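Here the protein sequences line up with chains H and P, keeping their order.
Per the UniProt record's numbering: the first sequence = residues 1 to 327.
Per the UniProt record's numbering: the second sequence = residues 1 to 327.
Think of the hints as simulated: they come from the structure by calculation, not from any bench.
Warning: the hint list may mix true and false statements.
To be verified - Not the full set, but computed from the structure, chain H residues with beta-carbon under 7 angstroms of chain P:
| no. | residue |
| --- | --- |
| 1 | Arg261 |
| 2 | Val262 |
| 3 | Met264 |
Computed from a predicted structure; not experimentally measured.
A virtual CB, placed ideally from N, CA and C, is assigned to each residue, including glycine.
In case you want the letters, here they are:
2 protein chains.
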Amino acid sequence: MTAARQVHLVRRPNGVPVADDFAVVSVDVPDAGDGEVQVQNLLMSVDPYMRPRLTADQPLNVAMIGGGIGRVVQSRNPKFAEGTLVRHGVGMQERFISDGKGLQALNPDPALSLSVYMHALGGTGITAYGGLLEVGALKVGEQVFVSTAGGAVGSVVAQIAKIKGCYVVGSTGADDKAAWLRDEVGLDAVINYKVQPLKTALAEAMPKGIDVYFENVGGSHLDAVLPRMNVRGRIPVCGMISTYNGGGEGVRNLSAIIYSRVRMEGFVASDFPHLQTKFVEDMTGWLKDGRMKYQETILDGFERAPEGLIGLFSGLNSGKMLIRVAD
Amino acid sequence: MTAARQVHLVRRPNGVPVADDFAVVSVDVPDAGDGEVQVQNLLMSVDPYMRPRLTADQPLNVAMIGGGIGRVVQSRNPKFAEGTLVRHGVGMQERFISDGKGLQALNPDPALSLSVYMHALGGTGITAYGGLLEVGALKVGEQVFVSTAGGAVGSVVAQIAKIKGCYVVGSTGADDKAAWLRDEVGLDAVINYKVQPLKTALAEAMPKGIDVYFENVGGSHLDAVLPRMNVRGRIPVCGMISTYNGGGEGVRNLSAIIYSRVRMEGFVASDFPHLQTKFVEDMTGWLKDGRMKYQETILDGFERAPEGLIGLFSGLNSGKMLIRVAD
Chain H
1 MTAARQVHLV
11 RRPNGVPVAD
21 DFAVVSVDVP
31 DAGDGEVQVQ
41 NLLMSVDPYM
51 RPRLTADQPL
61 NVAMIGGGIG
71 RVVQSRNPKF
81 AEGTLVRHGV
91 GMQERFISDG
101 KGLQALNPDP
111 ALSLSVYMHA
121 LGGTGITAYG
131 GLLEVGALKV
141 GEQVFVSTAG
151 GAVGSVVAQI
161 AKIKGCYVVG
171 STGADDKAAW
181 LRDEVGLDAV
191 INYKVQPLKT
201 ALAEAMPKGI
211 DVYFENVGGS
221 HLDAVLPRMN
231 VRGRIPVCGM
241 ISTYNGGGEG
251 VRNLSAIIYS
261 RVRMEGFVAS
271 DFPHLQTKFV
281 EDMTGWLKDG
291 RMKYQETILD
301 GFERAPEGLI
311 GLFSGLNSGK
321 MLIRVAD
Chain P
1 MTAARQVHLV
11 RRPNGVPVAD
21 DFAVVSVDVP
31 DAGDGEVQVQ
41 NLLMSVDPYM
51 RPRLTADQPL
61 NVAMIGGGIG
71 RVVQSRNPKF
81 AEGTLVRHGV
91 GMQERFISDG
101 KGLQALNPDP
111 ALSLSVYMHA
121 LGGTGITAYG
131 GLLEVGALKV
141 GEQVFVSTAG
151 GAVGSVVAQI
161 AKIKGCYVVG
171 STGADDKAAW
181 LRDEVGLDAV
191 INYKVQPLKT
201 ALAEAMPKGI
211 DVYFENVGGS
221 HLDAVLPRMN
231 VRGRIPVCGM
241 ISTYNGGGEG
251 VRNLSAIIYS
261 RVRMEGFVAS
271 DFPHLQTKFV
281 EDMTGWLKDG
291 RMKYQETILD
301 GFERAPEGLI
311 GLFSGLNSGK
321 MLIRVAD
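Just chain H, same shape as in the assembly:
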């Protein structure tokens, strides 16, 4: 028996989540029983997709759902030796018991940081890869616009599009992210939508229109993009972060998709198991040869998970936001 902390949702947020919507609660974790392992969490992920769940299907007063990487510290399951690193979706718990289902043993490449298995080589990476290449049906040399290009998914999307020889423009709301995208990542243009009206900035930066718009934002962002979509353009819809906390403008320019025969299509990370092997091979190569750059914001301390989740909506993170629980 060991004491360990969990993050609970204790109240459904009204708009942007606040600290009092969450509680950090200590529970007793038993020893691993027959067929079980005890896992100590090392890294936990906080992601924009969690916000809609807070209003809907995340139960109150239990450990928040979420992804992480942990280490097996007790094993009575022959599939997982003690010391094995595992990726899981068990959620925001310092330690937990598992029968092994849903745990994925990791053999991280020693040339890469373990944390990349939580983003570029994890759920955000496959989301970007499958969303852009399969749902977006990206073709070499196309005109690509990526919203929240400084974020965890967006930055991977923008770089895959560059690797595929496309003309790539990204939007972000922060000057430091804009500088990183321009100077380090090498996008063809970067729009800080808080400084320039998106509509005129797009007209200037993308005179050949838009073939693929990777959608993370929704609302007025989408409205500015729609009239600039080229015929047979695609809009893979990954997220609509502008709408998750309520409020915001409705979308008024949707009829633009008719004459341009634009396809909009929603997807989630779990849609791409058939791409997993090729994805890991491609992404590992791109990370190791330096063509795939990333930023991380890692908050130290289990108890900072709510702060990290809330911070996603104020731009606290540069790139992927993670919580470090232990080394």
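Following the hints, complete the assembly by docking chain P onto the known chain H.
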């Protein structure tokens, strides 16, 4: 030389078009020259797709673009004998000269009314057929919701879906159209959205959700549908009539397409030349065996074309709106 009338757009409408935006103008039509034909219009079509053009690419003070059926009354072109019936997109003119390009000779089935070649067997028919079966990827037995189901395209869509063994619900804003759809066409349910709030009516009429939503309306109609779309649902986007005259509500529920992996896709009638042969064969059969019913609103008199076009936005028509120019 013969005098003949044309309908001109003389002013761009502000909101719903009004009579003073148009003028009926008499011009002199010369005799057919070498390689030319003179065509007398018999039937002209007015369609919702014309409204956005009035604001954008319809030039002022020339004959309005549009489809029709005419008869060759003078021919100096060996491809078209005098008396040949032709379908054309030449526009709102009583008579016109053509070199034959864009004229399609018609051999109407004597068991059918000529007017069906302007709707069920014309552009509205192929729009419904291609939009539902190809863009909508309809499968036998699915749950289908059709907006403006009493209109020219919607009524064909709803009946094709019934022929394909689907559960079909339609919306309309008029009691007489609702009665026709329920009693004559045999839809599974009909919603008069002016009487019942669409959101609650859909929940009641479509307890199994919606696999295909055939979109003619946009705005608040789309917002009511989006949360009820089933996983991997499709929204072929044919029109968004609620937005054409400006104003109206923005769409707020688009993020529903993400978790449900819904695909929305725009299309136009001319996207389906590869389906034309099968379409004519299927539709002729359905019309002759009585499985495809239709309504027409035919205004007599060339000069009533503006009235017909304006009337589309107040529900003046039951089914396809046509202007009869001559017999």
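A quick look at each hint next to the structure:
1. Arg261: Given a least distance of 5 angstroms, the restraint on H:Arg261 holds.
2. Val262: 5 angstroms, holds
3. Met264: Holds, because the Cβ-Cβ distance from H:Met264 to chain P comes to roughly 5 angstroms (cut-off 7 angstroms).
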